[in-house]
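*Asks:* Each chain, written out:
Protein chains: 2
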Amino acid sequence: MTEMLIESEANARFKRWRRLAGESRAVKKEGATLLEGIHLTQVARDSEAAIPAVILDAERATAEARALARETAGRKGARLFLLPPALYDQLSPVEHGVGVMCEMTLPKAPSSELWADRDLLYLDGVQDAGNAGTLIRTAVAAGVRVILASPTAVNLWTPKVMRAAMGAHFGAVIAEGVTADTLARVYRGTVLAADARGGEDLFLASDSYAEGAVAWIMGAEGPGVSAAALAVTHRRFYIPIEAACESLNVAAAAAVCLFDMRRCRLGGTESR
Amino acid sequence: MTEMLIESEANARFKRWRRLAGESRAVKKEGATLLEGIHLTQVARDSEAAIPAVILDAERATAEARALARETAGRKGARLFLLPPALYDQLSPVEHGVGVMCEMTLPKAPSSELWADRDLLYLDGVQDAGNAGTLIRTAVAAGVRVILASPTAVNLWTPKVMRAAMGAHFGAVIAEGVTADTLARVYRGTVLAADARGGEDLFLASDSYAEGAVAWIMGAEGPGVSAAALAVTHRRFYIPIEAACESLNVAAAAAVCLFDMRRCRLGGTESR
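Protein chains in written order, with the working numbering: chain A, 1 to 272; chain B, 1 to 272.
Next up, chain A with everything else stripped away, as it sits in the complex:
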């Protein structure tokens, strides 16, 4: 397999990767992102994703990383690039990586028919990349395999979000730029919101809240669920927390809500 060495920061391909690494807008505009590390590269290799390029740290890549890079490039028909550490580090979201990364072409935006009848998580203005990635990972783990994001939310395909989600993107249908109005117009299930400001106590809700397809809305760090999203919500729940704490982190709140729904559906209550 041919390996191409890129030595100059002026290389056009490298400059494009650097934009993908650092700019959310570039990820959107180019329709591509970067995945770093053994685990993400393995998941990408085994997925349907298009991988046009695999990138190795020419000096520091481990033997495992090199073998995985060659195998991934072979299986995906990708080109293999070697970068000196100084260039590789400019692309990597972590300080001491294993030295393998790949460029992935983003999948096409899914038709709304792919999510109109399914359980989903709607990220209403969530801003933090780490939170967004954890939310995707938690949702997929809870069996909620559709993630929608409002136009105000962080881009879900940036390297940081990909990294925090640990490959969960590949098990999910992801649609961005979906307004609350579109959700209301298209969605045929029940819309629930987690809202620290009020509503019903999640733990006192009747089990029926988990019946049929459910869309869970989680709001932005700080402001919470927006007025536009609340306007299309059928039922609003709060998690009963101690007074000593103002609120939960949005990813923790989602873990509580999504797994409470999963518990109800798995029949955990009856068995007690």
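It is worth saying that the hints were derived from the structure and are not from the lab. Certain hints may be false.
Each pair may be met inside one copy or between any two copies, as identical chains are not told apart.
Said to hold, decoys possible - The list that follows gives simulated cross-link-like pairs (lysine to any residue, SDA-like), each with its CA atoms no further than 25 Å apart: (1) 76 / 246; (2) 28 / 2; (3) 28 / 197; (4) 160 / 21; (5) 160 / 182; (6) 160 / 246; (7) 108 / 4; (8) 76 / 173; (9) 29 / 171; (10) 160 / 90; (11) 108 / 267; (12) 160 / 97; (13) 160 / 89; (14) 29 / 155; (15) 160 / 244; (16) 28 / 236; (17) 15 / 174; (18) 160 / 243; (19) 160 / 62; (20) 29 / 209; (21) 108 / 244.
Got chain A; can you put chain B on it based on the hints?
*Replies:* Only chain B this time, still in chain A's reference frame:
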């Protein structure tokens, strides 16, 4: 109130703050940490914590930040320092802060009698500062007001952890460097562990798991609960996740376990 301007990076006090901002070891050695932002400063102001210094960005601090700084300094008998933006930025854990920070003296390590009979969360080697902070915040929100950390875990008092916990430190008893053996020897409640590798299904467990004082062990990102901690565990639980996902983030897993316990204790099951 006297305000002192520090203009030089060579200033001994500034150099000490810079170590507190960047080095976990310095936080431990000096017995002090930095808190950034309106919310943390407010919580610190209203707490029992010793605050020897309040720090303002001389140029960019908002009017709200300035007023809060003066009030906090007055109430705590703290000195008020002004830093030019170039120096302030070297201390701040965030890029666009509001320009107020304070130095806090760490509380004394609590005697084990303060936690031997209480619900607690034991962080067994958790490495990531953001995760550790979210874990503390989630535990306090769930009514678990004692946090222990193994000698292998991240320092719980660094500025990054303080920031992610959003003030939950002030509602908790925190003890670091507690070995699994010490936990086993001192603790009089039941020791539970969340372990993705096996044990009982959390959602099929009898409610009695939540009776009496409970210590929940959460393991490190990646390796999970250590052999030493498993050896002192009375019951081990896994969260039933979808096969499409390998595991949950440790902070998400803790949210599920701690709030499932809270639900049982609040009697949510009976009311269904």
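*Asks:* Now look at each hint and say whether the structure bears it out.
*Replies:* A quick look at each hint next to the structure:
For the homomeric pair residue 76 and residue 246, the shortest alpha-carbon distance between copies (23 Å) is at most 25 Å, but the shortest distance inside one copy (48 Å) is not. Neither within a single protomer nor between protomers do residue 28 and residue 2 lie at most 25 Å apart by alpha-carbon distance, with minima of 30 Å and 51 Å respectively. For the identical chains of this complex, residue 28 and residue 197 are neighbours neither inside a copy (34 Å) nor across copies (38 Å), given an alpha-carbon limit of 25 Å. Taking CA atoms no more than 25 Å apart as the test, residue 160 paired with residue 21 passes in both settings, with 9 Å inside one copy and 23 Å between copies.
Taking CA atoms no more than 25 Å apart as the test, residue 160 paired with residue 182 passes in neither setting, with 27 Å inside one copy and 38 Å between copies. For a Cα distance limit of 25 Å, the shortest separation of residue 160 from residue 246 across copies, 19 Å, qualifies, whereas the shortest one inside one copy, 27 Å, does not. Taking identical chains as interchangeable, the C-alpha atoms of residue 108 and residue 4 are never at most 25 Å apart, the minima being 29 Å within one chain and 57 Å between chains. In the homo-oligomer, the alpha carbons of residue 76 and residue 173 lie at most 25 Å apart inside one protomer (21 Å), although the nearest pairing across protomers, at 52 Å, exceeds that limit.
In this assembly of identical chains, residue 29 and residue 171 lie within 25 Å of each other by CA distance solely inside one copy; the values are 23 Å within and 45 Å between copies. Both within a single protomer and between protomers do residue 160 and residue 90 lie at most 25 Å apart by alpha-carbon distance, with minima of 14 Å and 23 Å respectively. For the homomeric pair residue 108 and residue 267, neither the shortest alpha-carbon distance inside one copy (36 Å) nor that between copies (46 Å) is at most 25 Å. Taking the closest pair of Cα atoms, residue 160 and residue 97 come within 25 Å of each other both inside a single copy (14 Å) and across two copies (21 Å).
Taking the closest pair of Cα atoms, residue 160 and residue 89 come within 25 Å of each other both inside a single copy (14 Å) and across two copies (23 Å). In this assembly of identical chains, the alpha carbons of residue 29 and residue 155 lie at most 25 Å apart only when taken from the same copy (11 Å versus 40 Å across copies). In the homo-oligomer, the alpha carbons of residue 160 and residue 244 lie at most 25 Å apart only across protomers (21 Å), although the nearest pairing inside one protomer, at 32 Å, exceeds that limit. Taking the shortest Cα distances, residue 28 and residue 236 never come within 25 Å of each other, neither inside one copy (32 Å) nor across copies (43 Å).
Proximity of residue 15 and residue 174 under a CA criterion of 25 Å is satisfied in neither setting, with 27 Å inside one chain copy and 46 Å between copies. Taking the closest pair of Cα atoms, residue 160 and residue 243 come within 25 Å of each other only across two copies (24 Å); inside a single copy the shortest separation is 33 Å, beyond that limit. When the C-alpha separation of residue 160 and residue 62 is checked against a cutoff of 25 Å, the pair qualifies only within one copy, where the shortest distance is 22 Å, while the shortest distance between copies is 30 Å. For a Cα distance limit of 25 Å, the shortest separation of residue 29 from residue 209 qualifies neither inside one copy, at 39 Å, nor across copies, at 51 Å.
Proximity of residue 108 and residue 244 under a CA criterion of 25 Å is satisfied inter-copy only: 21 Å between copies versus 45 Å inside one chain copy.
Hints 2, 3, 5, 7, 11, 16, 17, 20 from the list above are not met by this structure, while the remaining hints are.
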